[in-house]
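Colleague: For the first sequence, the positions run -12 to 298 when my numbering is used.
In short, the hints are calculated from the structure, not lab data.
Backbone N, C-alpha and C define an ideal beta-carbon position, used for all residues, glycine too.
Treat the hints with care, as some may be off.
What follows is a set of in silico ranges between Cβ atoms, one per label pair, in the way DEER data are often shown [claimed, not checked]:
hint : residue 1 : residue 2 : range
1    : M290      : Q116      : 47 to 57 angstroms
2    : M290      : V69       : 20 to 30 angstroms
3    : S242      : R168      : 20 to 30 angstroms
4    : K73       : K158      : 26 to 36 angstroms
5    : K220      : W271      : 32 to 42 angstroms
6    : K220      : M(-12)    : 42 to 52 angstroms
7    : S44       : V119      : 55 to 65 angstroms
8    : V69       : E135      : 43 to 53 angstroms
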Amino acid sequence: MKKEIVFLVGPTASGKTETAFFLAKKINAEIVSCDSMQVYRRMDILTSKPSLLLRDSLPHHLINVVPIDKEYDVSCYRRQAVKKIKEVIKKGKVPLCVGGAGLYMSILIDGIFPHCPADEGLRKRLYRQGQVRGSGYLYGKLKEVDPEAALKIHPHDKRRIIRALEVFFIKGKPISYFQKRRRGLADKYRIRILCLDMPRSELYAQINRRVNEMFSRGIIAEAEMLLEQKISKTASYAIGLKELKGYFDGMYSLSEVKEKIKQNTRLYAKRQLTWFRKDKRIEWVSVKGKDTPRRVAGRIYGMLMGHKQKV
RNA sequence: GCCGAGGUAGCUCAGUGGUAGAGCGCGGCCCUGAAAAGGCCGGCGUGGGGGGUCCGAUUCCCUCCCUCGGCA
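Put together the whole structure using the sequences plus the hints.
Modeller: Put into structure tokens, the structure is as follows:
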């Protein structure tokens, strides 16, 4: 019998953290975070990490594992997460992967094509070529070396065009060739994916509440402290941090940054939902206004026990 | 009460006698080493209400309502 891994996902501010806590207690799980920003130390308020109280009474893995000045990406995450998941299973517990990063989830479940890390130098060179020789140049080049990938990538999507070219130049084979070869956890484990869902207006109200709370908890001081030091490119893209930088630089007033953060969080939540909707393996858990995290966890427990869905 | 300005998308506003746009917002989508990132698509509308002129009114005229300034 294959061991089971449970994913609890959902848009930001949908209540994953608390729900996961109660669910973990019920199913004898340890939590493995599935989040690209909570890995960073000292970004606590900014990323709404689970409280110390929660973390003290239940193991939460992959939170606070990277210093703020280090770059981080999907493959780092995958390496660390797979290791943790195996450890948890070895202890006889259930890994409960909790987070909102759709790509991170997919990379765990479905795999990644390995051995082609980013090459910043090459990227810079390609980027500059694109600047000098016009926007269509890089895309044209991609069409030559990898027509299949070019078909999938929009001509304006510089980031993906450059990545595809990068892979081609480093490995000598097109990225579309590698993308077909991925093996993930789904081969070896039973996977259940639960996604928290609530009416959009309620979710947005929740987001607004959370952002206001961040301000009263001291997000400004935290951001100020972080921006004083050397900070990696990846960490600097956290919602809240980039907006507050604008506030410190005098670009926005206090109420404008607040709004900006709320809005960018909404857009982020919308993108997350698009990602999850596409994944047909997901089992949706609708959350209503009056539901407490404990009750939602109870409902999920019922779903998990009720029928063993194979993935 | 009088004078002036104005009521067009969720918001701020353009424009035209042939049933309307822009920015922001909002919605949908894509995604394999920056993913809290990056990219694509979509106008979502009782043109304040009512009447009139006209083949045809959001546009011109009348009237009422509302908002904002000034004078009382």
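Colleague: Has the hinted range 55 to 65 angstroms been met by the Cβ atoms of S44 and V119?
Modeller: 57 angstroms, holds
Colleague: Look at the Cβ atoms of K220 and M(-12) and judge whether their distance stays inside 42 to 52 angstroms.
Modeller: Cβ of K220 to Cβ of M(-12): about 44 angstroms, so the range 42 to 52 angstroms holds.
Colleague: That 43 to 53 angstroms hint for V69 and E135 (C-beta), does it hold up?
Modeller: 28 angstroms, violated
Colleague: 20 to 30 angstroms was suggested as the range; check whether the CB atoms of M290 and V69 agree with it.
Modeller: 25 angstroms, holds
Colleague: Given the hint of 26 to 36 angstroms, check if K73 and K158 actually sit that far apart at their C-beta atoms.
Modeller: Because 28 angstroms falls inside the window, the suggested range holds.
Colleague: Holds or violated: 32 to 42 angstroms for the Cβ distance of K220 and W271?
Modeller: 34 angstroms, holds
Colleague: Given the range 47 to 57 angstroms, decide if the beta-carbon distance of M290 to Q116 lies inside it.
Modeller: 51 angstroms, holds
Colleague: Could you check the hint for me, namely that S242 and R168 are 20 to 30 angstroms apart, CB to CB?
Modeller: Hint violated: Cβ distance 50 angstroms, outside 20 to 30 angstroms.
The structure does not agree with the numbered hints 3 and 8 stated previously, though it agrees with the rest.
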